Amino acid sequence: MSKIINMLVGGAMLAAIPVSTTSADGIDPADVTDMLHAVMDSDRTIYTKMIVGRLVAEHKLIKATENFEDDISAPLPAQMFRMGAEAVADRTDLFEYSLQSLWPINKPNAENQTELEKEGLKFVAENIGENFYGEEVIDDLKYFTAVYADVAVAEVCATCHNEHKDSPRTDFKVGDVMGGVVIRIPLEG
Amino acid sequence: MINRNHMLWVLWIILSLMGMMIITGVIFVGGPRHLLLIGKTTAAHGQIELACESCHTTGLIDNLTKSPKKLAAAMTKACGTCHLEELNAANDSHPTKKFRGAKKAKTRAQLNAFYCQTCHAEHVPEITRPMAVSLPQDLCVACHTKIGEERESHAGLEFTTCASAGCHNYHDNTALYEAFLVKHGHGEDFLPDAVQEFAAISRTPAIIRTALDEDDPITALETYLNDRDTQKAEQDVQTTDNRTKAKEMLDLVLYAKDVIAPEQYQDQDAITAWESSAHAGAGLNCAACHAPDFKDTTDLALLEENWTERPGLAVCSDCHENQAETFTMGKHGMRFHPEIAKPRTVEADGPMSIAVHVFKDTPLKPTSIGQTSRKDLMKPDVHDMEIGNCNTCHKPHEVNLEVAGVEACTSCHNDDHTQNYFNSRHFELWQLELSGEGAPGTGVTCADCHMPKIEAGDSFFTSHNQNDFLRPKEKMIRPVCMSCHGLGFSIDALADPKLVESNFNGRPSKHIESIDWALKREE
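Top to bottom, those sequences are chains A and B.
Taking the working numbering, the leading residue of the first sequence gets 1, the next gets one more, and so forth.
Taking the working numbering, the leading residue of the second sequence gets 1001, the next gets one more, and so forth.
Isolated chain A, as found in the complex (with noise of 0.2 Å):
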């Protein structure tokens, strides 16, 4: 009896697969955004809570800083996220993604902000568990445009960008959007 339930799951599953993940030209491109975001938010929220969080803040074994470096000490979360997305950029430009804020710690990373990034990380920030799609046109190349909210998933998160002396906002606490995770993938060419 469990067996037929189980091939009729599987059935189920497998038939739901082209409806809620494929449009007529392939994947629909918010899946895929989500699927990458799905990695890329669990493998940043490990390293801040398993390494920041644990090895830095609560036994203080080693220290986390910007110029790590020269200090020979781990890189912040927001680096560790950067840099992971420089690599994917060495290596693909079938998607691009960045973090980014409305309150931004390194203001040349939100130069060059697009009009729909902001109403995302806008969006996102008002609307808490909520997520932002869109199209837009950059240098004639047309793009689908998601962003996911940035939380402090950390106590660490909040007081490290409170006290920057960079910072333009220092009332950020735990669970707070900070920003969002922008993901780029373009649609042609």
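It is worth saying that the hints were derived from the structure and are not from the lab.
Given the structure is predicted, the values throughout are model-derived calculations rather than measurements.
All residues carry an ideal CB built from backbone N, CA and C; glycine is no exception.
Check each hint, because a few of them may be wrong.
[Unchecked claim] Calculated lysine-lysine pairs in the DSSO-like style (CA-CA distance at most 27 Å, straight line): (1) A:Lys-63 / B:Lys-1183; (2) A:Lys-107 / B:Lys-1097; (3) A:Lys-122 / B:Lys-1146; (4) B:Lys-1103 / A:Lys-118; (5) B:Lys-1473 / B:Lys-1077; (6) A:Lys-122 / B:Lys-1103; (7) B:Lys-1077 / B:Lys-1040; (8) B:Lys-1245 / A:Lys-142; (9) B:Lys-1520 / A:Lys-107; (10) A:Lys-107 / B:Lys-1070; (11) B:Lys-1342 / A:Lys-165; (12) B:Lys-1098 / A:Lys-118; (13) A:Lys-142 / B:Lys-1331; (14) B:Lys-1098 / A:Lys-63; (15) B:Lys-1379 / A:Lys-107; (16) B:Lys-1473 / A:Lys-142; (17) B:Lys-1146 / A:Lys-107; (18) B:Lys-1183 / A:Lys-60; (19) A:Lys-165 / B:Lys-1097; (20) A:Lys-142 / B:Lys-1247; (21) B:Lys-1077 / A:Lys-107; (22) A:Lys-122 / B:Lys-1098; (23) A:Lys-165 / B:Lys-1257; (24) B:Lys-1097 / A:Lys-142; (25) B:Lys-1103 / A:Lys-107; (26) B:Lys-1106 / A:Lys-118; (27) A:Lys-122 / B:Lys-1104; (28) B:Lys-1103 / A:Lys-142; (29) B:Lys-1520 / A:Lys-165; (30) B:Lys-1077 / A:Lys-165; (31) B:Lys-1040 / B:Lys-1379; (32) B:Lys-1106 / A:Lys-122; (33) B:Lys-1520 / A:Lys-63; (34) A:Lys-118 / B:Lys-1097; (35) B:Lys-1077 / B:Lys-1342; (36) A:Lys-118 / B:Lys-1146.
[Unchecked claim] Covered, in the sense of this in silico footprint (three residues per stretch, anywhere, with C-beta under 8 Å from a C-beta of chain B), are these stretches of chain A: (37) 100–106; (38) 110–116; (39) 137–145; (40) 151–163.
Let chain A serve as the given structure and place chain B on it in line with the hints.
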């Protein structure tokens, strides 16, 4: 019907084009390549400008068929063969990865930093500025338009001051970035009891020589080895049999009576010098360098047959690998960099061998000083001297580091900075060290600043790539100046061209405010 005249015109054009291609080909592969130069190359590149394929790695077919982007990328890759390691070591402030992505399209349109040649175009001496930059001086403004609004201290600053005032470099800011300024901003001008750590070790007499002067050399050497082990292990436990080790080391030492060399090569001065050298102390007999493949033989006839009178870089590099590698990355030995285009190989057999022989070019020889771009700053009587051999600077038998540290440099270099060295405090300290009044590592030679000793694993070696510590000048701050001086003093001194020219005879005439601004932001 085709007009006969038209046919002749077509034939003439085809034959002319073919003729041009053949002539160009002959010039390129084996002829006077300088006829193909479209303009002089920049500074030290002049030493390799006729090894065209070193930079122009794409062939004729690629040039005709590939996109400009791919060709530009290939050229940039060629730059990287010599310069990428240096950029990585400098933690390049503007790596290409910062210019990737859809949103950077506008930035790239203004400054396409994907390619080195965007800023460093070659063969255009008429527009090339210092640091081999061929773009106008306002290149920073392409991106950093809002810096005057974001930083109060930067409001109203001219674009000409970004890189010229000792504050920023495009690539290397390892001694200039804000957190570093804050960390070292309170340093004194002159550090008390300043000693160059590695130079001190290097210039302390070799322990084996000191031990030999003692009544009981084995015990003296054993004691030294025990002390060293204790220091390393930070505990009073000897893990090795240092008495046996000391005996083995002393057994290796060679004396004049041990020389094994064909009679005609036994020069008494050379033997006397060699006897007190580190080479003899380490058990290296003449053949180790003069006939390395037969270094263990005592057969003088065999040695004579295989003797090299003036061993070159290839022999030295067998043991002095780091020094040799860095030497080929600097201006003195760049012609021997492993990636510089090599001559075509000639097939031993086959029908093409004759043709290839005709077009075979010759390997690059060491550059003569008169061929270098700054020959005007060199002594006229050494223009014929070749650089690119280790023994141009090192006395081959004495391995006298003192000669290579000052005399070797000043025997060729004739600019004001070099001449003024002999009036400088640095020279004064060097004299004190030589006379024994100053401790090892307190004197400052030319090489101490331009070819400093740098860390490598558990040890150190003398970097022979002087370019790595010279341009931009601020590259010297961390590995060199800060051994004895504070960061602020170092920045001020290097930003004062007159003081540099006088070889730091005096104090900086102006103060660079970067540290003050950085510290103020900390308040």
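Structure-based check of each hint:
Distance hint between Lys-63 of chain A and Lys-1183 of chain B is fulfilled; the C-alpha atoms sit about 16 Å from each other, no more than 27 Å. Restraint check for Lys-107 of chain A and Lys-1097 of chain B: the C-alpha separation of about 17 Å stays at or below 27 Å, so the hint holds. The hinted pair formed by Lys-122 of chain A and Lys-1146 of chain B meets the criterion: a straight-line CA distance of about 23 Å does not exceed 27 Å. Of the supplied pair hints, the one linking Lys-1103 of chain B and Lys-118 of chain A holds, its CA atoms being roughly 13 Å apart against a limit of 27 Å.
The hinted pair formed by Lys-1473 of chain B and Lys-1077 of chain B meets the criterion: a straight-line CA distance of about 25 Å does not exceed 27 Å. Proposed proximity of Lys-122 of chain A and Lys-1103 of chain B is supported: the alpha carbons are some 19 Å apart, at most 27 Å. For a cut-off of 27 Å, the pair hint linking Lys-1077 of chain B to Lys-1040 of chain B stands: about 21 Å separates their Cα positions. Between Lys-1245 of chain B and Lys-142 of chain A the alpha-carbon distance is near 72 Å, which puts this suggested pair outside the 27 Å criterion.
The straight-line distance between the Cα atoms of Lys-1520 of chain B and Lys-107 of chain A is roughly 19 Å, inside the 27 Å bound, and the hint therefore holds. Annotation: proposed proximity of Lys-107 of chain A to Lys-1070 of chain B is violated, straight-line Cα distance about 32 Å (limit 27 Å). The hinted pair formed by Lys-1342 of chain B and Lys-165 of chain A fails the criterion: a straight-line CA distance of about 54 Å is larger than 27 Å. Using a Cα cut-off of 27 Å, the hinted pair Lys-1098 of chain B and Lys-118 of chain A holds, with the two alpha carbons roughly 20 Å apart.
At roughly 48 Å between alpha-carbon atoms, Lys-142 of chain A and Lys-1331 of chain B are farther apart than 27 Å, so this suggested pair is violated. Restraint check for Lys-1098 of chain B and Lys-63 of chain A: the C-alpha separation of about 26 Å stays at or below 27 Å, so the hint holds. Note on Lys-1379 of chain B and Lys-107 of chain A: the hinted pairing is violated, with a Cα-Cα distance of about 51 Å set against a maximum of 27 Å. Annotation: proposed proximity of Lys-1473 of chain B to Lys-142 of chain A is violated, straight-line Cα distance about 45 Å (limit 27 Å).
A hinted pair counts as satisfied when its Cα atoms are at most 27 Å apart, and Lys-1146 of chain B with Lys-107 of chain A qualifies at roughly 10 Å. At roughly 21 Å between alpha-carbon atoms, Lys-1183 of chain B and Lys-60 of chain A fall within 27 Å of each other, so this suggested pair holds. Distance restraint check for Lys-165 of chain A and Lys-1097 of chain B: the Cα-Cα separation of roughly 26 Å lies within the 27 Å cut-off, and the hinted pair is therefore satisfied. The hinted pair formed by Lys-142 of chain A and Lys-1247 of chain B fails the criterion: a straight-line CA distance of about 77 Å is larger than 27 Å.
Proximity of Lys-1077 of chain B to Lys-107 of chain A is assessed by CA-CA distance (about 31 Å); at most 27 Å being required, the pair is judged violated. Restraint check: the Cα-Cα separation between Lys-122 of chain A and Lys-1098 of chain B comes to about 25 Å, which is no more than 27 Å; the hinted pair holds. Of the pairs offered as hints, the one joining Lys-165 of chain A and Lys-1257 of chain B is violated, with about 71 Å between alpha carbons and a cut-off of 27 Å exceeded. Distance check on the hinted pair: Lys-1097 of chain B and Lys-142 of chain A sit about 22 Å apart at the alpha-carbon level, within 27 Å; holds.
Taken as a hint, the Lys-1103 of chain B and Lys-107 of chain A pair is honoured in the structure, with Cα atoms around 15 Å apart against an allowance of 27 Å. For the hint linking Lys-1106 of chain B to Lys-118 of chain A, the alpha-carbon distance of about 18 Å falls within 27 Å, and the restraint holds. This hinted pair checks out: Lys-122 of chain A and Lys-1104 of chain B have alpha carbons roughly 22 Å apart, not beyond 27 Å. Distance restraint check for Lys-1103 of chain B and Lys-142 of chain A: the Cα-Cα separation of roughly 12 Å lies within the 27 Å cut-off, and the hinted pair is therefore satisfied.
Using a Cα cut-off of 27 Å, the hinted pair Lys-1520 of chain B and Lys-165 of chain A holds, with the two alpha carbons roughly 11 Å apart. Between Lys-1077 of chain B and Lys-165 of chain A, the direct Cα distance comes to roughly 38 Å. Violation of the 27 Å bound is thereby established for this hinted pair. Only pairs whose Cα atoms come within 27 Å are accepted, and Lys-1040 of chain B paired with Lys-1379 of chain B is accepted, the gap being roughly 23 Å. Using a Cα cut-off of 27 Å, the hinted pair Lys-1106 of chain B and Lys-122 of chain A holds, with the two alpha carbons roughly 24 Å apart.
Taken as a hint, the Lys-1520 of chain B and Lys-63 of chain A pair is honoured in the structure, with Cα atoms around 25 Å apart against an allowance of 27 Å. This hinted pair checks out: Lys-118 of chain A and Lys-1097 of chain B have alpha carbons roughly 23 Å apart, not beyond 27 Å. Under the criterion of a C-alpha separation no larger than 27 Å, the hint pairing Lys-1077 of chain B with Lys-1342 of chain B is consistent with the structure, at around 18 Å. Annotation: proposed proximity of Lys-118 of chain A to Lys-1146 of chain B holds, straight-line Cα distance about 19 Å (limit 27 Å).
Only when three residues or more bring their CB closer than 8 Å to a CB of chain B does the claim for the segment 100–106 of chain A stand; here the count is 0, and the claim is violated. Look at the segment 110–116 of chain A against chain B: 4 of its residues bring a Cβ nearer than 8 Å to a Cβ of that chain, three or more, so the hint holds. Only residues whose C-beta sits within less than 8 Å of a C-beta in chain B count toward coverage, and the segment 137–145 of chain A has 4 of them, enough to reach three; the restraint holds. Counting residues of the segment 151–163 of chain A whose C-beta lies closer than 8 Å to any C-beta of chain B gives 0; at least three are required, and the coverage claim is violated.
The structure is inconsistent with the numbered hints 8, 10, 11, 13, 15, 16, 20, 21, 23, 30, 37 and 40, although it conforms to all the rest.
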